[in-house]
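Q: Residue strings, one per chain:
Number of protein chains: 2
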Amino acid sequence: MITMKTKYALKALAYLANAPPDEPVLIAEIAEKEDIPRKFLELILAELKQHGFVQSRKGRSGGYFLATSPDKIALAGVLRVLDGPIAPVPCLSRTNYRHCDGCRDEATCGVRLVLQDLYEASVKILESTTLADLVERVDRATKEGPPVLRYFI
Amino acid sequence: MITMKTKYALKALAYLANAPPDEPVLIAEIAEKEDIPRKFLELILAELKQHGFVQSRKGRSGGYFLATSPDKIALAGVLRVLDGPIAPVPCLSRTNYRHCDGCRDEATCGVRLVLQDLYEASVKILESTTLADLVERVDRATKEGPPVLRYFI
DNA sequence: AGCAAAGCCTATCGGAATAATAGGGTATGC
DNA sequence: GCATACCCTATTATTCCGATAGGCTTTGCT
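Chains A and B, in that order, are what the protein sequence lines are. The numbers in my numbering rise by one with no breaks, and the one at position 116 of the first sequence is 485. The numbers in my numbering rise by one with no breaks, and the one at position 90 of the second sequence is 459.
A hint or two may mislead.
In this list, chains with the same sequence are indistinguishable; a pair is considered to hold if it fits within one copy or across any two.
Said to hold, decoys possible - Below, simulated DSBU-like cross-link-like pairs (lysine-lysine); rule was C-alpha separation at most 30 angstroms, straight line: (1) K427 with K493; (2) K374 with K493; (3) K441 with K493; (4) K408 with K512; (5) K402 with K512; (6) K418 with K408; (7) K408 with K441; (8) K493 with K408; (9) K441 with K427; (10) K374 with K427.
It should be emphasised that the hints constitute simulated quantities derived from the structure, not laboratory data.
Given the sequences, and given the hints that come with them, work out the whole structure.
A: Okay, structure coming up:
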């Protein structure tokens with residue numbers, strides 16, 4: 370399960386991806402439209418900025434905007450920053466390796482060995498899925514319109 | 370990241386899988402051999418029993434043993450019980466669905482849509498990987514012996 | 001210059017989950 | 001009948017999550 374924080378981050382990034390580039394968007398606007406507590410969103414955006422996903426302009430007519438095009442921002446990066454390592458056990462993580470305490474031999478640890486496939490698959494998917502994909506899927510789903518239910522109106 | 374509890378559970382189950390079937394194993398033995406706090410392991414095994422993964426015999430010469438053969442026990446089941454849903458967002462879970470609060474339309478939620486692939490892939494892997502696979506991998510890794518390092522002794 | 005709008009920074013906090021620990025109760029076999 | 005081993009309930013320390021609070025600083029506009 371990803372955290373609220375991560376979910377908020379993705380929603381905010383998606384919102385920015387849908388706004389004209391280099392036109393700063395107000396925190397307050399994102400907060401209201403995406404239903405995110407304003408002050409909490411501030412923290413999240415600050416963290417996203419610190420890691421290079423977004424940029425900001427201060428003062429009047431300031432706001433936030435994406436640092437690069439949506440297709441350059443992979444989910445993996447965002448998740449790693451806000452949700453922690455993608456790996457199911459710390460000893461599998463490539464970006465944040467930590468030895469499991471009390472583990473006698475990593476090379477023959479069953480738990481580690483058996484979770485490796487899950488990890489590889491997850492990384493592959495999350496590295497190759499971008500903000501652009503997110504936006505595109507929403508577009509497609511919106512155009513398709515509400516499904517079966519429609520027939521009962 | 371899976372919890373310690375889940376990791377302990379997998380280790381305990383693997384230990385049982387390596388023991389002769391229907392020969393009860395003591396909690397104390399598993400705890401010592403796998404380096405798990407004894408009382409904590411009790412709780413975990415109780416939970417595993419409650420969900421039908423293991424059985425137990427009380428009193429003298431009692432202990433725990435697997436309820437079925439290791440190749441019938443998928444990681445997915447164990448993880449779901451001890452670690453919670455496999456789904457990255459509650460609204461994707463098939464076994465524990467929950468509506469994300471404040472979500473206006475599930476069908477067009479970008480976060481949900483974009484995480485669906487991850488979920489499907491995870492479920493597929495975890496449903497098809499069993500305790501038997503875990504044991505087998507350890508066997509293979511043990512036989513292969515320590516890798517490159519060996520050449521430097 | 002000066003004020004208001006906007007992001008920036010640091011601290012704090014309640015509640016839930018995690019990882020245990022404690023201590024007795026109950027069934028079973030020798 | 002007693003020791004052994006699982007069973008059950010409660011408590012606890014620590015950490016993380018989700019959020020709130022309040023003031024500071026930068027910037028644009030007049």
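Q: Hint by hint, say whether it matches the structure.
A: Here is how each hint holds up against the structure:
In this assembly of identical chains, K427 and K493 lie within 30 angstroms of each other by CA distance neither inside one copy nor across copies; the values are 37 angstroms within and 47 angstroms between. With identical chains, the CA atoms of K374 and K493 are at most 30 angstroms apart both within one copy (23 angstroms) and between copies (27 angstroms). Taking the shortest alpha-carbon separations for K441 and K493, both the intra-copy value of 15 angstroms and the inter-copy value of 28 angstroms come in at or below 30 angstroms. Taking the shortest alpha-carbon separations for K408 and K512, neither the intra-copy value of 33 angstroms nor the inter-copy value of 55 angstroms comes in at or below 30 angstroms.
Proximity of K402 and K512 under a CA criterion of 30 angstroms is satisfied intra-copy only: 20 angstroms inside one chain copy versus 58 angstroms between copies. When the C-alpha separation of K418 and K408 is checked against a cutoff of 30 angstroms, the pair qualifies only within one copy, where the shortest distance is 15 angstroms, while the shortest distance between copies is 45 angstroms. Taking identical chains as interchangeable, the C-alpha atoms of K408 and K441 lie at most 30 angstroms apart only when both belong to the same chain, with a minimum of 27 angstroms there against 49 angstroms between chains. Taking identical chains as interchangeable, the C-alpha atoms of K493 and K408 are never at most 30 angstroms apart, the minima being 33 angstroms within one chain and 39 angstroms between chains.
In this assembly of identical chains, K441 and K427 lie within 30 angstroms of each other by CA distance solely inside one copy; the values are 25 angstroms within and 59 angstroms between copies. With identical chains, the CA atoms of K374 and K427 are at most 30 angstroms apart within one copy only, with a shortest distance of 23 angstroms there and 46 angstroms across copies.
In this structure, the earlier hints numbered 1, 4, 8 are contradicted, and the remaining ones agree with it.
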